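Student: Here's the letter readout for the chains.
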Amino acid sequence: MFLSMEHLNKTYSGGKVAVDDFNLEIEKGEFVCFIGTSGSGKTTTMRMINRMLQQTSGTIKLNGKDISDMDPVQLRRKIGYVIQNIGLMPHMTIRQNITIVPKLLKWSQAKMDQRAEEMIKLVELPTEFLDRYPSELSGGQQQRIGVVRALAADQDLILMDEPYGALDPITRESLQDLIKDLQTRLGKTVVFVTHDMDEALTLATKIVVMDGGKIMQVATPDEILRHPANEFVENLIGKDRLIQARPSITTVGQVMLKNVASITPDKLLREALKMMHDRRVDSLLVTDQGGNLKGYLDIEDIDYNFKTATSVGDVMHNDVFYVKSDSLIRDTVERILKRGFKNVPVVDAQHKLVGIVTRAALVDIVYDALWGEPDKTDEREDATAQGGDAK
Amino acid sequence: MMHFLSVYGLQLVGKTWQHLYISAISLGLGVIVAVPLGVLLTRAKKIANVVVSIASMLQTIPALALLAFMIPIFGIGATPAIVALFIYSLLPILRNTYLGMNDVDPSLKDAAKGMGMTNWQSIIKVEVPLAGPVIMAGIRLSATYVIAWAALASYIGAGGLGDFIFNGLNLYRTDLILGGSIPVILLALIVDWLLGKLEVALTPRTTHE
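Read top to bottom, the protein sequences are chains A and B.
Mapping of the first sequence onto my numbering: residues 827 to 1217, in sequence order.
Mapping of the second sequence onto my numbering: residues 31 to 239, in sequence order.
It is possible that some hints are incorrect.
[Stated by the list, open to error] Below, a sample of chain A positions facing chain B; criterion: calculated Cβ distance under 8 angstroms: (1) I926; (2) L956; (3) R958.
[What the hints assert, rightly or not] Straight line, CA to CA, 30 angstroms or less: simulated DSSO-like cross-link-like pairs of lysine-lysine: (4) B/K76 x A/K937; (5) B/K76 x A/K842; (6) A/K1168 x A/K1178; (7) A/K1006 x A/K842; (8) B/K155 x A/K904; (9) A/K929 x B/K76; (10) A/K1032 x A/K1093; (11) B/K139 x A/K1006; (12) A/K929 x B/K139; (13) A/K947 x A/K1040; (14) A/K842 x B/K139; (15) B/K76 x A/K947; (16) A/K904 x B/K139; (17) A/K1040 x A/K1065; (18) A/K932 x B/K76.
Calculated directly from the structure, the hints in this document are not laboratory data.
In this text, all values refer to a predicted model and were calculated from it rather than measured experimentally.
Every residue, glycine too, gets a C-beta built ideally from N, C-alpha and C.
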């Protein structure tokens, strides 16, 4: 385990408990967001990791070593630190700011110059900026420098305390993209404190929801949207977001109709026609004996070929468009709508036909996302809506 | 005026030098003691108020009385004058150093510590440079006080331009009083101007133009 926190407790001298029995394990390469209202203990917890604060009890281990046994100054030089107010030194050039930690670690000037150039390219700013002072850069540019300053000495762990809280929404978004990209590309581990749920959902691989110094829930963004642990988490996420998030967490399997009209290729066209008539549909999906999707059959195909062909296999179409049952609605809805399909077969991982998505089901999703609570009474188990040609 | 200069010119140069010498040593000692003390106080905030209060109290002792107090301890001459003026120079420097250091943006101090600077590195690389202009303002204020009050030092035999003034007072000679006062004023103005230049030079750059 890269970073583990066990039974952390922080009680201030007045008796106020800021952090209460905090337990968390963080793997290398994770992007962990601490989220909560102010006073939830999220910043306090983060600041204990680089010993800016000393816990009252409990242990924090970095790479298996108890950080209380390390020299705090040496420890902090190994951990990147980005704060809300950016904290660039106004009397130092951008170059000097970027190389503050390398300089503390006594790197050679040549190595520092080289690193400063690498770093400024990493955040897509011109190298001329290296000789400017922070006041000559915009807020967003300054925080870009703040971010790479925390990377310049090859720190593996980066702590970020509401780093984008003071930036406008557009700048914030571009910086979120930046840190996410850098984090995945460079394999850094990030602990990111925020009170903005959108930010946490966008960035995190693991979200830690805190309230009153206690952990409310630790989960992936999807998991938190799907199963908020309690009312507090639900409120923090917000009803709107829970509903809007539905397309991005609902899988095709959850909305598909399961009772599909299907037929095997060896059946006679007569039987197919009868089946269409009984089910009141104008097309059938074709599967082999094992239930694997093979193609589809239209009423027109039967009409044109009734005289010359006998079995379904002779006239069916093999080029069928399908989706996987575990893919997200968010990713499939556009494809389905764009291609103008009225319905699309759904297969599982073994290519077995398991259901069908109709345009009606997609309407429900869009409706829910826009107007809230879904209507649970719709007949999703019924396949009678399966109609029209499958193209 | 030409007459005054032809008679007292050489003496004037000597007294000005003495005056400058007493003031410079007092101020120098004041800077050496008060700046580090002010820096230390920011790391011991509990005693900071006590120390600043004591320095303020010393400031309220009438200048002439303080000079007189020095005679039993240091006798007469330049030494007691330098000690007394040194005490006077402490407060403005001490207070400005303390306030200037405290006024440095807390998030910068937080960033410095969080990146792994030791206490000492944070002071030298971040806090003192940023508090520089405020500290210099305190030194300039002290310099003006010390030069003005050094005139009183002649009362305890320290010499300096005060000799002209006291002689003039004793002999009812306006030309001697003016001949002592005007150089004191000029000296104070020139030193303040020079320190102002130094302050600009020491103010850290924040733009590259």
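Student: Does each hint fit the structure? Answer for all of them.
Tutor: Each hint, compared with the structure:
Hint status for A/I926: holds, given a least beta-carbon distance of 6 angstroms to chain B, under 8 angstroms. Because the smallest distance between the Cβ of A/L956 and any Cβ of chain B comes to about 10 angstroms, over 8 angstroms, the interface hint for this residue is violated. Contact between A/R958 and chain B, as hinted, is supported at the beta carbon level, the nearest pair being about 5 angstroms apart and thus within 8 angstroms. Between B/K76 and A/K937, the direct Cα distance comes to roughly 43 angstroms. Violation of the 30 angstroms bound is thereby established for this hinted pair.
About 23 angstroms separates the Cα atoms of B/K76 and A/K842, which keeps this hinted pair within 30 angstroms; it holds. With a C-alpha separation of about 21 angstroms, the suggested pair A/K1168 and A/K1178 falls inside the 30 angstroms cut-off, and the hint holds. Our distance criterion of 30 angstroms between C-alpha atoms is broken by A/K1006 and A/K842, whose separation comes to about 35 angstroms. Distance check on the hinted pair: B/K155 and A/K904 sit about 20 angstroms apart at the alpha-carbon level, within 30 angstroms; holds.
Distance restraint check for A/K929 and B/K76: the Cα-Cα separation of roughly 33 angstroms exceeds the 30 angstroms cut-off, and the hinted pair is therefore not satisfied. For the given pair, A/K1032 sits about 51 angstroms from A/K1093 by alpha-carbon distance, which is inconsistent with the 30 angstroms threshold. A threshold of 30 angstroms between alpha carbons decides the hint, and for B/K139 with A/K1006 the separation of about 27 angstroms falls inside it, so the pair holds. At most 30 angstroms may separate the alpha-carbon atoms for a hinted pair to count; A/K929 and B/K139 meet this at roughly 17 angstroms.
Pair hint A/K947 plus A/K1040 does not hold up; C-alpha atoms about 40 angstroms apart against a cutoff of 30 angstroms. For the proposed pair A/K842 and B/K139, the alpha carbon gap of about 25 angstroms is at most 30 angstroms, so the pair holds. Proposed proximity of B/K76 and A/K947 is contradicted: the alpha carbons are some 46 angstroms apart, above 30 angstroms. About 18 angstroms separates the Cα atoms of A/K904 and B/K139, which keeps this hinted pair within 30 angstroms; it holds.
The hinted pair formed by A/K1040 and A/K1065 meets the criterion: a straight-line CA distance of about 23 angstroms does not exceed 30 angstroms. Distance hint between A/K932 and B/K76 is unfulfilled; the C-alpha atoms sit about 35 angstroms from each other, more than 30 angstroms.
Checked against the numbered hints listed earlier, the structure breaks hints 2, 4, 7, 9, 10, 13, 15, 18; every other hint is satisfied.
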